[in-house]
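Spelled out from the first residue to the last, the chains are:
Protein chains: 2
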Amino acid sequence: MINIAVLGYGTVGSGVVEVLNTNGESIKKRAGEKINIKYILDLREFPGDPIMDKLVHDFNIILEDPEVKIIAEVMGGVEPAYTFVKKALLAGKSVCSSNKELVAKHGAELLDIAKESNSNFLFEASVGGGIPIIRPLNQSLTADEIEEITGILNGTTNYILSEMSEEGLDFDTALKDAQSKGYAERNPEADVEGYDACRKIAILSSLAFGMQVDFEDIYTEGITKITDVDIKYAKAMSARIKLFASSIKENDHFYSMVAPMMIKANHPLYSVNDVFNGIFVRGNVIGDVMFYGSGAGKLPTASAVVADIVDAAKHLGKNIWTIWSSKKLELSDINKAKNKFFIRIAGDGEAEKELINRLFGKVEEITVEDITGEYAFITSVMMEEELKEKKKLLPNVLSIIRVKF
Amino acid sequence: MINIAVLGYGTVGSGVVEVLNTNGESIKKRAGEKINIKYILDLREFPGDPIMDKLVHDFNIILEDPEVKIIAEVMGGVEPAYTFVKKALLAGKSVCSSNKELVAKHGAELLDIAKESNSNFLFEASVGGGIPIIRPLNQSLTADEIEEITGILNGTTNYILSEMSEEGLDFDTALKDAQSKGYAERNPEADVEGYDACRKIAILSSLAFGMQVDFEDIYTEGITKITDVDIKYAKAMSARIKLFASSIKENDHFYSMVAPMMIKANHPLYSVNDVFNGIFVRGNVIGDVMFYGSGAGKLPTASAVVADIVDAAKHLGKNIWTIWSSKKLELSDINKAKNKFFIRIAGDGEAEKELINRLFGKVEEITVEDITGEYAFITSVMMEEELKEKKKLLPNVLSIIRVKF
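Line by line, the protein sequences are chains A and B. Under our numbering, think of the first position of the first sequence as 1, with each following residue one higher. Under our numbering, think of the first position of the second sequence as 1, with each following residue one higher.
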């Protein structure tokens, strides 16, 4: 029997308890021993809940109990999670975390401590919910040099964009719908501004490239400026708009960005709709692979945490090597990244034709039957900074979205 | 430095050499030590090839060299691969194999030997080429009870079906096209009759359910009976026909089958086209996940073999636990499995309407503008044995394809 503790009895924490109860027998077979929850840490009381007798309010009880070998940290937020996890790892306990803020901020340091203390710091649930992506990156794609990793990593924004596309809703209505269904928080900023996806791509990029990618360095745009008119154009082109979180290695340059992207059916992430997540990886020998599944939700996320617990149980006293050095990866200036752009301007375009031609050369005009009073086109590939300069000279810009086709 | 040997210098074997040369530096970082190829076993000579000085013709040289810790078995076929791998594992060497015939037939036994000798038998490349699926099943989906695992596991048949659909080709023409492109063998039987997919789903099912699934027990139908007319009907329904290899757990019953399946865009495997493979897994807590990538090819397959070598290097002297007991899993009678069926009969259907109504109750009629002289419909869900009985009473059946929508 292996004793564990769960830090935080919120959505994911109660999911972890449920998964261990529901699948206890098969998990025992996989781990080699029964996994027993000895403590659950939460500041709240849960009168009547069967976990009451495991509930503690003081982390030191867990830290000082040598019987506890593995800790599931499912509290979220940097503090006090960071302090708790660090102490646990220093004490030789393994930690399985679903906490993207913690991992993005302190992942490299915590991995180093785990290595020193022959324990493990695992965080499959911090990106992509239940989708196996952290372990495949660490252990399966090890023969490759990763050239690109691109994900639809935020279920809330993907749901909003899917609803806008399928139901013809505008952004505000789709957001309200997502909130009413519990897919978006009352304060949706972290999702719709791309901050959540930004932390997740920082984690994936650090693992893919083996060095610390600071999330603060990643250019991040959310989806709040996407309108139902943009979506209409996308549909007319058989395209979809997705919030892409992407890191690309070009020679020795690394570009990292979170931004809406127009893609067509030939892109592996095109069919990732609703609250689902998908992660696309391109390696120099494996070619393209893609991982798809529920990117959030109580049970899928708990499934990933418990899979980490099983892995930690199988590796007690033996560190699982991960390349994520604390050495900072200097991202290249995003202004030098190259993209095509979809641009809408007010007016019928006639007055600006000459200007557009001078700025962009030959462009692909996009027309949609019932949209009038504006002119839309797709540029050829150019650097972000070129686009910025040209945009200044372009009057009445309604919207600009990057294009990947 | 860790010394390895490669058994077989064919397509995959030369790919393994190429991957270790190309990505040697990053692989060293991942493995912790340089991976050095000490021997390559092949009966042939390769005059002028830089690997000549590593070439040996006698397996015993490799077996008896204590410096060789890891062996990549990329010969294919059951013998002599089985004898070599068994001896290597008994000698405490780890083996990484891309050999689906070997793994399907002797996987459980070889895993047991590896466990006894504190070595590892790894076989990521035996299913789905480069796609990480064996390791995710073993190590990532461990919190779940797997309810379904369904794959498009054979790139050749997927290419043929995609060509038939996209180019309107008939089966023979599409097969010849696949052969001319090197996607299909001159004797295409193993692919087009579903035998290859059958071995692969046997491996995945054994890992998913933890017991030996014998490939001989799996009901297997190939794609040779699929015609361009079937494809026309599928297209008219916005459906695609895919060769599904599938195992489903229903209560305590396990059904396993390889057969063509009609699916629509809401199925996660719908977008898996051309030579790509995809594997869909449904767990009782994680929900649906899907893995997608190149299912074959020299470098993708070699990438998976080398990733196994890296894993073996990180686990020298320590067995990685896998649940695949040699205890046989008794599959349930496939006649009791349930499906909907797409059925085409000759004639306009008028004469048979009453009979069809009596046999199948209400059916969904399918018409395609330029197809005449036949009648097509989709049944409601019924057992395979019911369909068989009804089919006997139905005159002039042109084709029957299972339907998943």
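Simulated from the structure, these hints should not be mistaken for laboratory data. C-beta atoms are modelled at their ideal positions from N, C-alpha and C, and glycine is treated no differently. Do not rely on the hints blindly, as some may be mistaken.
As the list claims (entries may be wrong) - List of simulated lysine-lysine pairs, BS3-like, C-alpha gap at most 30 Å: (1) A/Lys298 with B/Lys29; (2) A/Lys318 with B/Lys225; (3) B/Lys264 with A/Lys318; (4) A/Lys29 with B/Lys86; (5) A/Lys115 with B/Lys298; (6) B/Lys298 with B/Lys249; (7) B/Lys34 with A/Lys87; (8) B/Lys318 with A/Lys29; (9) B/Lys328 with A/Lys249; (10) B/Lys318 with A/Lys404; (11) B/Lys318 with A/Lys235; (12) A/Lys264 with B/Lys87; (13) B/Lys28 with A/Lys328; (14) A/Lys115 with B/Lys29; (15) A/Lys34 with B/Lys328.
What the hints assert, rightly or not - Here are some, though not all, of the chain B residues that point toward chain A, as calculated from beta-carbon distances under 10 Å: (16) Gly10; (17) Thr11; (18) Arg30.
Structure-based check of each hint:
Restraint check for A/Lys298 and B/Lys29: not satisfied, since their Cα atoms lie roughly 35 Å apart, outside the 30 Å limit. Restraint check: the Cα-Cα separation between A/Lys318 and B/Lys225 comes to about 53 Å, which exceeds 30 Å; the hinted pair is violated. About 46 Å separates the Cα atoms of B/Lys264 and A/Lys318, which puts this hinted pair outside 30 Å; it is violated. With a C-alpha separation of about 25 Å, the suggested pairing of A/Lys29 with B/Lys86 holds against the 30 Å cut-off.
Simply put, A/Lys115 and B/Lys298 have alpha-carbon atoms about 35 Å apart, too far for the 30 Å limit, and the pair is violated. For the suggested pair B/Lys298 and B/Lys249, the alpha carbons sit about 34 Å apart, so the restraint of at most 30 Å is broken. For the hint linking B/Lys34 to A/Lys87, the alpha-carbon distance of about 34 Å lies beyond 30 Å, and the restraint is violated. A C-alpha spacing of about 18 Å is found between B/Lys318 and A/Lys29, which places the hinted pair at or below 30 Å, so the restraint holds.
This hinted pair does not check out: B/Lys328 and A/Lys249 have alpha carbons roughly 47 Å apart, beyond 30 Å. Straight-line distance between C-alpha atoms of B/Lys318 and A/Lys404 comes to about 45 Å, which puts the hinted pair past the 30 Å bound. With a C-alpha separation of about 54 Å, the suggested pair B/Lys318 and A/Lys235 falls outside the 30 Å cut-off, and the hint is violated. Between A/Lys264 and B/Lys87 the alpha-carbon distance is near 51 Å, which puts this suggested pair outside the 30 Å criterion.
For the proposed pair B/Lys28 and A/Lys328, the alpha carbon gap of about 20 Å is at most 30 Å, so the pair holds. About 15 Å separates the Cα atoms of A/Lys115 and B/Lys29, which keeps this hinted pair within 30 Å; it holds. Of the pairs offered as hints, the one joining A/Lys34 and B/Lys328 holds, with about 24 Å between alpha carbons and a cut-off of 30 Å not exceeded. Proximity of B/Gly10 to chain A is violated relative to the hint, the smallest CB-CB distance being about 17 Å (cut-off 10 Å).
Here the hint on B/Thr11 is broken, as its CB sits about 14 Å from the closest CB of chain A, past 10 Å. The beta carbon of B/Arg30 is positioned within 10 Å of a beta carbon in chain A (closest approach about 4 Å), and the interface hint is therefore held.
Of the hints listed earlier, those the structure fails to meet are numbers 1, 2, 3, 5, 6, 7, 9, 10, 11, 12, 16 and 17, in rising order.
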